[in-house]
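Protein sequence lines correspond, in order, to chains E and D.
Everything in the first sequence is counted per the UniProt record's numbering, starting at 1 for the first residue and increasing by one.
Everything in the second sequence is counted per the UniProt record's numbering, starting at 1 for the first residue and increasing by one.
Keep in mind the hints are simulated off the structure, nothing from the lab.
Incorrect hints may appear among the rest.
Copies of one chain are not kept apart here, so a pair can be met inside one copy or by any two copies together.
Unchecked claim - Under the rule of at most 16 Å between Cα atoms (straight-line distance), these lysine to aspartate or glutamate pairs were calculated in the EDC-like manner: (1) Lys150 / Glu523; (2) Lys313 / Asp426; (3) Lys234 / Glu366; (4) Lys502 / Asp68; (5) Lys328 / Asp233; (6) Lys313 / Glu285; (7) Lys117 / Glu62; (8) Lys150 / Glu27; (9) Lys111 / Asp356; (10) Lys342 / Asp310; (11) Lys313 / Asp280; (12) Lys498 / Asp356; (13) Lys100 / Glu461; (14) Lys111 / Glu27; (15) Lys341 / Asp310; (16) Lys341 / Asp306; (17) Lys93 / Asp146.
Protein chains: 2
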Amino acid sequence: MQIKHVSLPILFLILFVNSTFSQDRIEKWDVFEITLKGPSSGNPFVGTTLTGRFSNGDKVYEQDGYYDGNGVYKIRFMPDKEGTWTYLTSSNKRELENNKGSFECTSPSAKNHGPVKVRGSYHFQYEDGTPYYPFGTTIYEWPFQDAQTKARTVATLKSSPFNKVRFLAVPPYKDRYVEGPLKITVFPFEGTSRENWDFSRFNPEYFKNLDECMRKLRDLGVEADLILFRPYDKGKWGFDMAGQEVNRRFAQYMVARYAAFRNVWWSLANENSFIRNMNDNDWDELFQLVQQKDPYQHLRSIHNADRIYDYTKPWVTHVSYQYYNVVKAPFGTAILRDIYKKPVVNDEINYEGNIDSRWGQLSGEEMTFRFWNAIIGGGYATHGESYQASPWISNGGRLTGSSPARIAFLRKIVESNPVGGLEPIDHYYENNMAGKAGDYYLIYFGKDKMNRWDFVLPKRELATGVKFKADIIDTWNMTVTPLNKVFEVVPMPGNRYKFIDKNKSSIKMPGKPYMALRIRKIEDGAKVKDDGRHELE
Amino acid sequence: MQIKHVSLPILFLILFVNSTFSQDRIEKWDVFEITLKGPSSGNPFVGTTLTGRFSNGDKVYEQDGYYDGNGVYKIRFMPDKEGTWTYLTSSNKRELENNKGSFECTSPSAKNHGPVKVRGSYHFQYEDGTPYYPFGTTIYEWPFQDAQTKARTVATLKSSPFNKVRFLAVPPYKDRYVEGPLKITVFPFEGTSRENWDFSRFNPEYFKNLDECMRKLRDLGVEADLILFRPYDKGKWGFDMAGQEVNRRFAQYMVARYAAFRNVWWSLANENSFIRNMNDNDWDELFQLVQQKDPYQHLRSIHNADRIYDYTKPWVTHVSYQYYNVVKAPFGTAILRDIYKKPVVNDEINYEGNIDSRWGQLSGEEMTFRFWNAIIGGGYATHGESYQASPWISNGGRLTGSSPARIAFLRKIVESNPVGGLEPIDHYYENNMAGKAGDYYLIYFGKDKMNRWDFVLPKRELATGVKFKADIIDTWNMTVTPLNKVFEVVPMPGNRYKFIDKNKSSIKMPGKPYMALRIRKIEDGAKVKDDGRHELE
Numbered sequence: 001m002q003i004k005h006v007s008l009p010i011l012f013l014i015l016f017v018n019s020t021f022s023q024d025r026i027e028k029w030d031v032f033e034i035t036l037k038g039p040s041s042g043n044p045f046v047g048t049t050l051t052g053r054f055s056n057g058d059k060v061y062e063q064d065g066y067y068d069g070n071g072v073y074k075i076r077f078m079p080d081k082e083g084t085w086t087y088l089t090s091s092n093k094r095e096l097e098n099n100k101g102s103f104e105c106t107s108p109s110a111k112n113h114g115p116v117k118v119r120g121s122y123h124f125q126y127e128d129g130t131p132y133y134p135f136g137t138t139i140y141e142w143p144f145q146d147a148q149t150k151a152r153t154v155a156t157l158k159s160s161p162f163n164k165v166r167f168l169a170v171p172p173y174k175d176r177y178v179e180g181p182l183k184i185t186v187f188p189f190e191g192t193s194r195e196n197w198d199f200s201r202f203n204p205e206y207f208k209n210l211d212e213c214m215r216k217l218r219d220l221g222v223e224a225d226l227i228l229f230r231p232y233d234k235g236k237w238g239f240d241m242a243g244q245e246v247n248r249r250f251a252q253y254m255v256a257r258y259a260a261f262r263n264v265w266w267s268l269a270n271e272n273s274f275i276r277n278m279n280d281n282d283w284d285e286l287f288q289l290v291q292q293k294d295p296y297q298h299l300r301s302i303h304n305a306d307r308i309y310d311y312t313k314p315w316v317t318h319v320s321y322q323y324y325n326v327v328k329a330p331f332g333t334a335i336l337r338d339i340y341k342k343p344v345v346n347d348e349i350n351y352e353g354n355i356d357s358r359w360g361q362l363s364g365e366e367m368t369f370r371f372w373n374a375i376i377g378g379g380y381a382t383h384g385e386s387y388q389a390s391p392w393i394s395n396g397g398r399l400t401g402s403s404p405a406r407i408a409f410l411r412k413i414v415e416s417n418p419v420g421g422l423e424p425i426d427h428y429y430e431n432n433m434a435g436k437a438g439d440y441y442l443i444y445f446g447k448d449k450m451n452r453w454d455f456v457l458p459k460r461e462l463a464t465g466v467k468f469k470a471d472i473i474d475t476w477n478m479t480v481t482p483l484n485k486v487f488e489v490v491p492m493p494g495n496r497y498k499f500i501d502k503n504k505s506s507i508k509m510p511g512k513p514y515m516a517l518r519i520r521k522i523e524d525g526a527k528v529k530d531d532g533r534h535e536l537e
Numbered sequence: 001m002q003i004k005h006v007s008l009p010i011l012f013l014i015l016f017v018n019s020t021f022s023q024d025r026i027e028k029w030d031v032f033e034i035t036l037k038g039p040s041s042g043n044p045f046v047g048t049t050l051t052g053r054f055s056n057g058d059k060v061y062e063q064d065g066y067y068d069g070n071g072v073y074k075i076r077f078m079p080d081k082e083g084t085w086t087y088l089t090s091s092n093k094r095e096l097e098n099n100k101g102s103f104e105c106t107s108p109s110a111k112n113h114g115p116v117k118v119r120g121s122y123h124f125q126y127e128d129g130t131p132y133y134p135f136g137t138t139i140y141e142w143p144f145q146d147a148q149t150k151a152r153t154v155a156t157l158k159s160s161p162f163n164k165v166r167f168l169a170v171p172p173y174k175d176r177y178v179e180g181p182l183k184i185t186v187f188p189f190e191g192t193s194r195e196n197w198d199f200s201r202f203n204p205e206y207f208k209n210l211d212e213c214m215r216k217l218r219d220l221g222v223e224a225d226l227i228l229f230r231p232y233d234k235g236k237w238g239f240d241m242a243g244q245e246v247n248r249r250f251a252q253y254m255v256a257r258y259a260a261f262r263n264v265w266w267s268l269a270n271e272n273s274f275i276r277n278m279n280d281n282d283w284d285e286l287f288q289l290v291q292q293k294d295p296y297q298h299l300r301s302i303h304n305a306d307r308i309y310d311y312t313k314p315w316v317t318h319v320s321y322q323y324y325n326v327v328k329a330p331f332g333t334a335i336l337r338d339i340y341k342k343p344v345v346n347d348e349i350n351y352e353g354n355i356d357s358r359w360g361q362l363s364g365e366e367m368t369f370r371f372w373n374a375i376i377g378g379g380y381a382t383h384g385e386s387y388q389a390s391p392w393i394s395n396g397g398r399l400t401g402s403s404p405a406r407i408a409f410l411r412k413i414v415e416s417n418p419v420g421g422l423e424p425i426d427h428y429y430e431n432n433m434a435g436k437a438g439d440y441y442l443i444y445f446g447k448d449k450m451n452r453w454d455f456v457l458p459k460r461e462l463a464t465g466v467k468f469k470a471d472i473i474d475t476w477n478m479t480v481t482p483l484n485k486v487f488e489v490v491p492m493p494g495n496r497y498k499f500i501d502k503n504k505s506s507i508k509m510p511g512k513p514y515m516a517l518r519i520r521k522i523e524d525g526a527k528v529k530d531d532g533r534h535e536l537e
């Protein structure tokens with residue numbers, strides 16, 4: 001968040017009322033922040049309430065504040081409407097009560113499209129209506145690395161295809177986090193070890209680091225899939241055994257502090273069922289707490305391990321899955337859509353890499369294949385990379401795998417489609433086709449080595465005489481080869497489900513794996529030149 | 001139901017109290033039936049209540065009776081405990097009230113294992129503990145055919161592998177059901193056409209026919225997967241548009257009449273979402289009604305069309321799915337198990353046949369393949385046959401396809417396994433293996449044409465030195481070829497997940513599709529003769 005301009009009289013006015021500090025102008029969907037001085041005695045993390053009521057016409061939000069240590073309290077607010085907002089604080093502490101103010105919300109800058117929401121049943125868009133297609137990556141511990149590594153991670157992301165990062169709010173237990181110089185930023189609670197944690201007090205230095213990481217991602221235009229809870233404690237710190245009261249307090253603090261970031265997504269947990277002392281009722285409760293406390297209703301999900309959470313529950317906005325088989329064929333993702341009736345993000349599909357653990361041994365080809373399967377199934381996938389020499393999924397740094405370039409290529413194809421979110425077509429029978437029936441077909445052949453593809457489409461939305469053009473896509477070599485040929489469809493004789501090209505055309509394919517076709521309707525009046533080349537047989 | 005023996009004094013006594021007629025001895029899980037004379041004026045189907053309270057020690061059941069026309073009321077009860085049962089009726093009609101009696105429940109005969117229940121999370125067993133592995137078939141309209149066809153269906157079932165039949169309580173609209181000589185048995189309601197249905201009165205002739213069909217299946221040892229509601233009305237009869245009040249009354253009557261049959265399963269609907277004027281709340285309500293009214297808690301599910309019901313709901317005992325892709329690979333069924341945490345029966349996987357509709361065009365090979373995939377995925381499947389010359393799925397009669405023999409072969413393999421319900425093994429990574437880790441592995445290669453299989457097993461439950469024997473199974477040609485060789489496992493060098501044979505053995509495979517392997521632990525002391533034949537390389 002940038003403080004753009006603070007005029008002196010307003011600053012004076014605010015300071016006069018209390019030790020408030022805030023901006024007077026902010027663009028839509030940025031963070032407006034109020035700073036208040038208040039009591040520092042006792043334990044302000046527990047028992048002190050602070051809420052801002054923000055109004056602009058018929059828009060009214062209640063946004064909780066949080067204690068930031070040293071007698072400093074803050075309220076962060078994300079205005080989602082242009083014009084004048086006024087606010088008034090309430091608190092159970094006199095010093096924090098009844099602070100008033102106003103600010104101007106200006107139009108968003110070019111790259112600010114607002115938070116991501118669900119579009120329709122199965123896809124996403126930014127709040128300004130721009131489609132958002134998640135192409136995520138996983139960098140679990142990136143906030144807890146040294147400054148140089150973090151800077152390198154940010155630079156890598158900038159030129160990567162990834163527009164969502166999954167990461168842990170609390171790192172896994174590792175000796176270096178206890179012993180290293182960065183330990184002050186690693187623990188959300190006061191203390192340094194299991195012996196002296198104070199789970200009732202948060203560690204402001206930890207959160208300041210996390211603030212900075214959230215801002216960095218936001219400035220890159222990258223969504224932060226922020227994972228609130230995780231196992232991986234190895235019995236060392238006790239963070240996964242702190243009990244539901246601590247869990248509630250932590251979740252509530254996180255929401256108070258980060259909900260105003262337009263790029264936040266709430267991932268309740270990574271591999272939730274590996275936290276053996278928490279059951280689904282506990283997760284339900286935390287979901288509902290986040291749902292209740294987040295004024296902007298950012299996306300909410302949870303990432304499973306060996307007991308799959310019920311993603312049909314109403315507080316879950318989308319499916320965040322770890323189930324590798326789902327992406328071994330396009331129909332897996334399509335089944336999940338039909339079961340959950342929500343967007344499906346395959347957030348863990350194994351990682352490209354060469355480590356001993358089999359979850360980190362995918363080839364670049366296999367990772368790319370799984371991404372394509374997720375897309376053709378009408379959903380999405382998340383990347384990760386685990387080469388021995390470069391543990392991106394843990395620390396970030398540099399990407400060395402071969403899949404990111406192919407994922408970038410796929411993202412371009414997906415984002416350039418003219419029909420919006422890709423829907424599986426005729427998917428109870430066909431398993432390799434997504435797009436929009438009648439208009440746009442992306443057909444993926446996976447590991448099949450096709451020598452030709454007969455021009456046959458499912459009949460839905462087709463009529464005799466509709467014309468199509470086609471491109472051959474090599475998903476691995478990243479080429480798109482347009483065919484200079486027009487296909488005109490007629491019903492397939494003897495088959496009530498299909499249309500074919502009226503000349504019974506086939507498309508010659510190169511007999512290699514990982515090929516796809518893109519077939520697009522030609523609008524009336526548009527022309528495709530047929531130069532007689534022999535791509536067809 | 002057979003009346004085994006009615007002694008005259010008891011008969012007299014019962015007749016004296018009211019016009020009651022019932023048996024004095026009945027075997028466990030058979031139908032004990034009380035017949036009462038009562039009012040026939042007005043509409044006894046609506047507003048007359050009749051319930052029997054049956055007690056035997058600490059077992060007490062409330063079983064609703066039903067009106068059977070002509071002033072006759074019945075209560076059917078399924079005793080599930082041997083010994084003396086007493087009963088007492090209550091009613092809002094004086095003539096039906098306060099009927100008392102008792103009978104002896106004797107031990108079940110050899111083929112009577114009781115109703116089928118869920119065993120553990122994913123499998124089934126009869127109430128006496130005998131495992132039940134569903135190998136179902138579909139004969140939607142068999143109760144509504146002429147006597148000869150019905151007899152032929154029963155004879156066919158007798159020598160078939162099928163131990164469950166899915167069929168409709170109400171047939172689809174067809175002209176012949178309106179016009180034919182059998183129409184009296186076709187409609188559950190009084191009337192003959194849309195113009196004169198009385199949805200408040202049931203048609204006893206229809207139900208007497210259904211009674212007989214239920215008995216026939218029970219006597220065969222075949223479970224009746226009785227489908228209460230269906231679309232397929234084509235706007236002709238209005239049975240699918242009668243409204244929820246009629247639906248409730250019909251469901252309640254069906255439960256009162258058939259719950260005492262040990263072989264009944266409640267299938268709330270076929271293709272439920274094609275009944276466009278019913279939503280999931282309606283289905284929830286009907287499920288709960290059946291759950292509340294069935295004293296014996298027979299299995300309950302619903303068969304989906306294009307909107308998948310939420311099978312996690314507590315009143316659903318198992319998954320009854322129509323989603324063909326699920327059975328195109330073993331992992332589909334395994335995913336459903338992990339999502340729903342209930343037994344998965346793929347109740348419609350397309351049908352073997354040659355009709356124009358693509359849902360009825362499977363080869364016998366493909367049907368068999370899909371059955372194996374369901375089993376290897378840790379679930380079950382249901383057969384159907386739709387040859388133009390022999391519409392088994394509609395009418396029954398004779399089976400002409402090639403899959404039933406292979407399904408019989410599969411059933412034998414499944415039923416002879418020593419470990420109970422087959423569980424997918426290492427199924428997040430492996431997709432072709434089910435059984436019980438450490439003891440029993442059924443490995444299915446589907447369409448892969450393997451020339452050899454390296455002896456490699458997932459490490460779970462294995463230890464160095466454990467010995468195994470193996471059989472090659474040709475699932476299409478129905479042969480089991482034991483290998484005269486002992487495999488002794490050791491950890492696989494360089495792989496933390498696998499064990500291999502200590503001699504790095506492979507098994508030579510015939511390079512054909514539809515092959516499987518069965519690998520069984522050799523208990524200490526057991527021996528397998530190695531005659532040096534060259535099945536191994």
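Check your understanding: Between copies, within a copy, both or neither: which fits Lys234 and Glu366 at Cα up to 16 Å?
Key -> For Lys234 and Glu366, the Cα distance exceeds 16 Å both inside one copy (31 Å) and across copies (48 Å).
Point to revise | Copy assignment of Lys341 with Asp306, given that the CA separation must stay at most 16 Å | key: between (22 Å within a copy, 12 Å between copies)
**Study point:** Alpha-carbon proximity between Lys498 and Asp356, which holds within one copy, between copies, both or neither at 16 Å
**Key:** The answer is between: 13 Å across copies meets 16 Å, while 47 Å in one copy does not.
Review point. When no copy is named, should Lys502 and Asp68 be tagged within, between, both, or neither for a Cα gap of at most 16 Å?
Key: neither (70 Å within a copy, 62 Å between copies)
Review point. Should Lys150 paired with Glu523 be assigned to within, between, both, or neither, using CA atoms and 16 Å as the limit?
Key: Neither way: Lys150 and Glu523 sit 48 Å apart in one copy and 57 Å across, limit 16 Å.
**Study point:** Intra- versus inter-copy proximity for Glu27 and Lys111 (alpha-carbon distance at most 16 Å)
**Key:** Close inside one copy (12 Å), not across copies (77 Å); limit 16 Å.
Point to revise | Copy assignment of Lys341 with Asp310, given that the CA separation must stay at most 16 Å | key: Result: close both inside a copy and across copies, 12 Å intra and 10 Å inter.
Review point. When no copy is named, should Lys111 and Asp356 be tagged within, between, both, or neither for a Cα gap of at most 16 Å?
Key: So Lys111 and Asp356 fail the 16 Å test inside a copy (41 Å) and across (54 Å) alike.
Exercise for review: Have a look at Lys313 and Asp280 and pick one of within, between, both or neither, based on CA distance no larger than 16 Å.
Suggested key: both (11 Å within a copy, 15 Å between copies)
Exercise for review: Give the relationship of Lys342 and Asp310 under a CA distance limit of 16 Å: within one copy only, between copies only, both, or neither.
Suggested key: Both: 12 Å inside a chain and 13 Å across chains, each within 16 Å.
Check your understanding: For the identical chains here, do Lys313 and Glu285 meet the 16 Å Cα criterion within one copy, between copies, both, or neither?
Key -> Answer is within: at 12 Å inside a copy they meet the 16 Å cutoff, but 19 Å across does not.
Exercise for review: Go through the copies and call it for Lys117 and Glu62: within, between, both or neither, with a Cα cutoff of 16 Å.
Suggested key: Cα proximity of Lys117 and Glu62: none, with 20 Å in one copy and 51 Å across.
Of the numbered hints given earlier, the model fails hints 1, 2, 3, 4, 5, 7, 8, 9, 13, 17; all others are met.
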